[in-house]
Each structure stands twice: as structure tokens, then as C-alpha cells.
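Sequences listed follow chains A and B, in order.
Counting from 1, position 33 in the first sequence corresponds to residue 33 in my numbering; the numbering is continuous, with no gaps.
Counting from 1, position 309 in the second sequence corresponds to residue 309 in my numbering; the numbering is continuous, with no gaps.
Think of the hints as simulated: they come from the structure by calculation, not from any bench.
Each hint should be verified, as a subset may be incorrect.
Intra- or inter-copy, both count: the list cannot distinguish identical chains.
[To be verified] Restricting the straight-line Cα-Cα distance to at most 25 Å, the calculated cross-link-like pairs of lysine to any residue (SDA-like) are:
{"#": "1", "residue 1": "K18", "residue 2": "G102"}
{"#": "2", "residue 1": "K18", "residue 2": "G249"}
{"#": "3", "residue 1": "K18", "residue 2": "G99"}
{"#": "4", "residue 1": "K18", "residue 2": "G171"}
{"#": "5", "residue 1": "K18", "residue 2": "P144"}
{"#": "6", "residue 1": "K211", "residue 2": "R246"}
{"#": "7", "residue 1": "K18", "residue 2": "V93"}
{"#": "8", "residue 1": "K18", "residue 2": "W104"}
{"#": "9", "residue 1": "K18", "residue 2": "T91"}
{"#": "10", "residue 1": "K18", "residue 2": "R246"}
{"#": "11", "residue 1": "K211", "residue 2": "E308"}
{"#": "12", "residue 1": "K18", "residue 2": "D170"}
{"#": "13", "residue 1": "K18", "residue 2": "T95"}
{"#": "14", "residue 1": "K18", "residue 2": "A100"}
{"#": "15", "residue 1": "K18", "residue 2": "V98"}
2 protein chains.
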Amino acid sequence: VIVTVTLNAALDVTYRVKGEFALDETNRVDRVADHAGGKGINVARVLHSFGDEVVATGLLGGCTGARIRSLLDADGLRHRFVRIADESRRTTVLTDAVGATGLWEPGPVVTEEEWRAFHDAFTHDLTHDLAHARAVVLAGSLPPGVPIDAYAQMIGIARAAGAYTILDADGAALRHGIEAHPDLVKPNAAELAGLTGEPVDGVAQATRAAKIALGMGAAAVVATLGDAGMVLVSPDTTRQVRQPQRFDGNPVGAGDACTAALARSVGRPWDERLRDAAAMSAASVLAPVAGVVDQETYRRLRQLVAVEGG
Amino acid sequence: VIVTVTLNAALDVTYRVKGEFALDETNRVDRVADHAGGKGINVARVLHSFGDEVVATGLLGGCTGARIRSLLDADGLRHRFVRIADESRRTTVLTDAVGATGLWEPGPVVTEEEWRAFHDAFTHDLTHDLAHARAVVLAGSLPPGVPIDAYAQMIGIARAAGAYTILDADGAALRHGIEAHPDLVKPNAAELAGLTGEPVDGVAQATRAAKIALGMGAAAVVATLGDAGMVLVSPDTTRQVRQPQRFDGNPVGAGDACTAALARSVGRPWDERLRDAAAMSAASVLAPVAGVVDQETYRRLRQLVAVEGG
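Given these sequences and hints, build the entire structure.
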């Protein structure tokens, strides 16, 4: 089983406005669509759609948390979220005839007791029911109140249980997490630049920054660079994958699809893992919702991806 | 006790974005505020704040409905909503340094059984626990699935229970409702124009249109005309109230404050009722939230309002 952790889960809401969205006026929303979101949940949804056994965990609260829970149930996704008192956040995307505008609510405030309850539940799960977890994916931002070294604590717990740990985070959460030596870190260019203080534009700079990240504690780094593809840096090897094909579509969730591919391929050779990750990431852009991958496109692209270096 | 009915209740959400809201970008919401909303609920909140005994009823569903319920509890408002399966709607107002933009979700879909359940509960309440209701306020839009003559049905039930009926609706819901002879209809200029097919710009045209509305079945009409004040037309009298003072502020909810004043003053002379309604309406503009009235301003303005005609 693969465990994904989403401490700042979100209800992803899409509003479609007919015609053009008008500032400083009242806009009637034509259609509303809700999805359970947040990086770890998106990763879990991809894994579930490929038939992998996955359990999503993290924090959920309030009416928005209850709605996320019922959407996870409707998706048939196994989950074990810990309840908090404050409202989980919503992220709303307004789409109209012209474009898409995002509205990101701040995360819920988590109390010390709630964090402690989650920490204990996570420890218990990974020493009991989920003791045989192959991989633990820690993904996304930390809501206010969660300790900044939360990911470091969880990497320690997951490692003690023998699980492979993948960290996809940003800023201080990433910086502290990396010190606990995760097996794999998956930053994008901006996250890698923020972590290392080095500019990351293109493959050469990303490779250089990823090596700095290794020095900070990561056992391996796969950096996603958008149209420039991906770079893997580990103590043994440096490899590069080009984007197999560029699609117009929804780039949100491409990183989560990549993380899902890397989580389901633990133990396989890097060339295969990177090929899967690049194909999965490119295919996810075709789906309008994060956490959904067009499987046929994925299988077709996987044949086309070339991994360089070694 | 006064009963207010809100068939299309809403969770009113205010998003504050720091700086300027940017189209086609991701905007971080700085602050989120939630209030129970919809016209009938706003009326109930005003009445409750003035110490009047009030019960809010209508339809609520899903996680948004649960949130509205808990906000009503937090406000200390008595309520008896009937549960529906679909999600109650949200109305979001984005405020930034420049202005305010509204996003109105469509209402929930109400099944025939759910409407029947509400109809039966309303009938039961008005013949048992709420049999002594002084007034019933029917306010706001009808969600999809509710019969277009819903207000007419409820006016019949309320009248049979001896309650004074006030209707604040629009379009077909207003047109059908008025045929059941409500004691008072409170349209604004646009609603009155839509009902009568006559242009309504200013006091003279509003008076003429209100007389047409009397002919359609209303026992009395109080039309709210924004800066132009209000006009009352009944078979016995035509009166006019000027806006006592113009405030910059939040005009949403001024009509609901007016309806609340007219509901709590049933049985008193029209001059007093109109003076209260004009003062309440003007004072509500000072509060940032619909359903809240600055009571000191209301008391001061009430001394200043002059009613003309008779």
C-alpha cells in the first residue's frame, strides 16, 4: 500500500461563468463542480485510477472537510483523515469564455492538540494497519499551527516503518523536511530555486541546484521543469528526460501525476521510473481535473520517452 | 412570533484579497468571512437583533446547508429548516482595494418529495407550534424544483392560520404569489417593473405600477426606490417617504431591513410603519453584513423621517 499525506487538503471548486467574468459586478455562476484536492489527495487519486492500493491521510475540518470526505468516498478512495475544528480551505477557479482566475483561501488553523492527534494516529497506522506501506508521499503546504518540521517528523516515522519517503513541498516546510533525509524530493524549478538560493532556469542550473539539495539531505532529487522535462540527481547518477509531447490543457496536477508515478515505481530502475513519470505528467495535462490522467495517452507516451545520461 | 421563509438560503462568503484582484491569475485570499444569508434569513437576523421573537424556516442542504445551520445557531436564531439532499448555494463577494465582485451560485435542485416535506412541515408548524404567528415573511428566489406557485400555496396556509403575509420576490414567483392576495408586497423598482410591464423610474411611475399590483391581488404595496425613498399604495391611501439620509456603504440587505421593519410593525398605523422602514433601511447600509442594522443610527433617523400623503 502507498500512503499519501495531505495536511492542507482543499475542496477544489470550479465555477463556470457564461460569457465574460465582470469585475465589480454580480456574476451568475452557470455551473459548479467540486473535487477533493490538495497535492497528496491528487497523488492518491492518480494511484487509485491505476489500480494501486492507496490510503490518503492528513487533516480535514468543518463543513468543507466533510464535503471532501464525501467526495473521497464517492471516488472510492480509502482515507484516514484526522478531524480538526477549523474549516478546511477551498480553492476556487473561475472559468469564463476568456480564461481562468484562481482564488486560494488560507488554510485552517491547527491546534497543538490536533497536530499531536495526527502525529499519534500516523505513528499508530505505520506501526499497525499500514506497517507494510511501500511508500509514503508527503505533499503540499502546511496549514498554520502545524510545526514547520512536520515533514521531518513524519519522514522519521515512515523510515522507521521501512517505507520509501517522497517529499513534495515548498519553502520552510521543504527546507526542514529535507534535513530528515527523504528518499526522494520532487521540487519544481521555483521550489528548487527557493531551497538552494540558486537561479533555476533550464536543465544545467536545475542539475546544479539538485546537487546542492543532495548535500542538504535528500537521497535523490527529481526536479520537474515544465516544458524542459525533468532532471534526476542521485549520488550515483544524473539523468534527464525530455517532455515527450507538449499538450495544451490544465497544467495543475502535472507535478502530482509525476509524484504518483514515482511512488508506484519504487524499487524499479531509474530509467523506467523517469519514463513513467514524464509520460504520466504529460498525460495529466489532458484531463480537466488535477489527479486524473488519460491512461491511453500515458501508455502511448511511455513508449516515446527517452532518458538521457546514466 | 414572526416566521420568515427562505427557500433558497445561501452561505454568504466574503473574500478579502490584498491589493488588487487579478484576472487570469491565482489570487491568495487574505481573509474569509461566512454568514448565513438569503433574504428571509437576513430579515430574521434583523428582527432577532431588535429582540423580536422570530423563527427562520425554509430549505437547507449538504455541507453548505450544515454550515448555514451552525451559523444560525451561533447567532442564536431559532430555526426550523427542512433538509434537502442537494447543496445549498454560496454567494461569494470578492473585495479588494478597488471594489467588490459578486459570484452567485445556482440554487440546489429540490425534489418533489422534498418540497412536499417542506409544505407539510410548514402547514404543521402554522397549525401547531407557530399557530400564533403574527406575520409570515416569504422572501427571495425559488430554487429549481420548487413549484412556481410555492408562495401562493404558503400565503394560503399562513392566512388560514391568521398570520399577516409579506411577500418579497421577483419574476414568476412574485407574479404567482401575488394572486394569492398577500397582505403586503415589497418590490424594488426593477421587480415592480418586471411584474407590471411598466417602466418604474421615480415616485410617480412607482405609484402607478403599485396600483397595477393592487389590481393583480396585493392588499398593499410598499415599493423601495433606493435614493428616491419608498412609496406605499393601498386601496385607502398613497404615501411617500424620502430616504432620511444617504450613506455610503453596503446597499445589500437594505430591502431586507425594510421588510423586517414592516413585519415587526404589523397592526400599527402606516405612518409609523413607513418611518420605521425608511430609517431601518438607511441604517442597514452602514453595516458591512446584510441583516445587521446600526441600532443607534436607526433610532436617530426615525425621528427625522417625514411621511407625505395620506
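Hint check results:
Taking the shortest alpha-carbon separations for K18 and G102, both the intra-copy value of 17 Å and the inter-copy value of 14 Å come in at or below 25 Å. In this homomeric assembly, K18 and G249 come within 25 Å of each other (Cα to Cα) only inside a single copy, at 20 Å, whereas the closest approach across copies is 29 Å. With identical chains, the CA atoms of K18 and G99 are at most 25 Å apart both within one copy (12 Å) and between copies (21 Å). Taking CA atoms no more than 25 Å apart as the test, K18 paired with G171 passes between copies only; the shortest distance there is 21 Å, against 37 Å inside one copy.
Within a single copy, K18 and P144 get their C-alpha atoms only as close as 36 Å, which misses the 25 Å cut-off; across copies the closest is 19 Å, which meets it. With identical chains, the CA atoms of K211 and R246 are never at most 25 Å apart, being 27 Å at best within one copy and 66 Å at best between copies. Taking the closest pair of Cα atoms, K18 and V93 come within 25 Å of each other both inside a single copy (14 Å) and across two copies (18 Å). Taking identical chains as interchangeable, the C-alpha atoms of K18 and W104 lie at most 25 Å apart whether they share a chain (22 Å) or sit on different chains (12 Å).
In this assembly of identical chains, the alpha carbons of K18 and T91 lie at most 25 Å apart whether taken from the same copy (20 Å) or from different copies (16 Å). For the homomeric pair K18 and R246, neither the shortest alpha-carbon distance inside one copy (28 Å) nor that between copies (35 Å) is at most 25 Å. In this homomeric assembly, K211 and E308 come within 25 Å of each other (Cα to Cα) only inside a single copy, at 17 Å, whereas the closest approach across copies is 83 Å. In this homomeric assembly, K18 and D170 come within 25 Å of each other (Cα to Cα) only across copies, at 22 Å, whereas the closest approach inside a single copy is 35 Å.
In this assembly of identical chains, K18 and T95 lie within 25 Å of each other by CA distance both inside one copy and across copies; the values are 9 Å within and 21 Å between. Taking the shortest alpha-carbon separations for K18 and A100, both the intra-copy value of 12 Å and the inter-copy value of 19 Å come in at or below 25 Å. Within a single copy, K18 and V98 get their C-alpha atoms as close as 10 Å, and across copies as close as 24 Å, so both meet the 25 Å cut-off.
Violated hints for the displayed structure, listed by number in ascending order: 6 and 10.
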